[in-house]
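**Q** As you go down the protein sequences, you meet chains A and B in turn.
The first sequence begins at 580 in this note's numbering and counts up one residue at a time.
The second sequence begins at 580 in this note's numbering and counts up one residue at a time.
Worth flagging that the hints you see were computed from the coordinates, not collected in a lab.
Take these hints with a grain of salt, some might be off.
Since the list gives no way to pick out one identical chain from another, each pair is judged satisfied if it fits inside one copy or across any two copies.
Subject to a maximum C-alpha distance of 20 Å in a straight line, what follows is the list of computed SDA-like cross-link-like pairs (lysine to any residue) [as the list claims (entries may be wrong)]:
| id | residue 1 | residue 2 |
| --- | --- | --- |
| 1 | 646 | 633 |
| 2 | 646 | 660 |
| 3 | 678 | 610 |
| 4 | 678 | 642 |
| 5 | 648 | 625 |
| 6 | 678 | 584 |
| 7 | 692 | 645 |
| 8 | 626 | 613 |
| 9 | 678 | 667 |
| 10 | 678 | 586 |
Below, each chain spelled out in residue letters.
There are 2 protein chains.
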Amino acid sequence: MDEARISLRIELRADTLLGPGKVALLEGIRETGSISAASRRMGMSYKRAWYLIETLNAAFREPLVEKSKGGKAGGGARLTATGDAVLDGYRRTEASAAKAAASEVERLSTLLKPRED
Amino acid sequence: MDEARISLRIELRADTLLGPGKVALLEGIRETGSISAASRRMGMSYKRAWYLIETLNAAFREPLVEKSKGGKAGGGARLTATGDAVLDGYRRTEASAAKAAASEVERLSTLLKPRED
Chain A
580 MDEARISLRI ELRADTLLGP GKVALLEGIR ETGSISAASR RMGMSYKRAW YLIETLNAAF
640 REPLVEKSKG GKAGGGARLT ATGDAVLDGY RRTEASAAKA AASEVERLST LLKPRED
Chain B
580 MDEARISLRI ELRADTLLGP GKVALLEGIR ETGSISAASR RMGMSYKRAW YLIETLNAAF
640 REPLVEKSKG GKAGGGARLT ATGDAVLDGY RRTEASAAKA AASEVERLST LLKPRED
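Extracted from the complex, chain A is given alone in its bound form (with noise of 0.2 Å):
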């Protein structure tokens, strides 16, 4: 059987999400260096993408994504250093808010309906 997963939505300000998706999005611009390539394998769009970093690189004191220029590839994107924080944070805030609610959430499971199969 499948383990229960929580997933969080930081408020960080009334216009300041951090969810799931957003940190996907930066998680696969660190991983394919790309924003193109990242918004693909979500199965979003990339002015969808662009949109959110966009919103994301306004609300922090320093851009999360900057666009490399040149190279092999002629224009890549990239994580900064605030961005690395900010992956990083929400993953740390998720692993830790995961353990903590584990033995509840356990708890919550055993009233559900036994599977058929």
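Put chain B on the given structure of chain A with help from the hints.
**A** Then chain B, alone, in the frame of chain A:
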């Protein structure tokens, strides 16, 4: 300045998600004794509320919400013992997670651009 907050989505199973919307609906029913009053105060249609309730009722061993017939109000609704347990369990999970996440969330907040006001 506002406090940062987290909200939690618990995936008890692939097909059973418990998040802020469903939980607010359960809470509204507990407080108002009525599905229509609970959905109205959330700006949710009765049809949508009833769909969410049916989904929840089918996922757990016992229904979470039952309609009460008769009485002066002529047909309200209330939480069952399982409904109370799920609502209270979610709130406890959320509180544990928020407490565990607090210092990391605080650290993330320091990366935000200062407000102009």
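**Q** Of all the hints given earlier, name the ones this structure violates by number, lowest first.
**A** 3, 4
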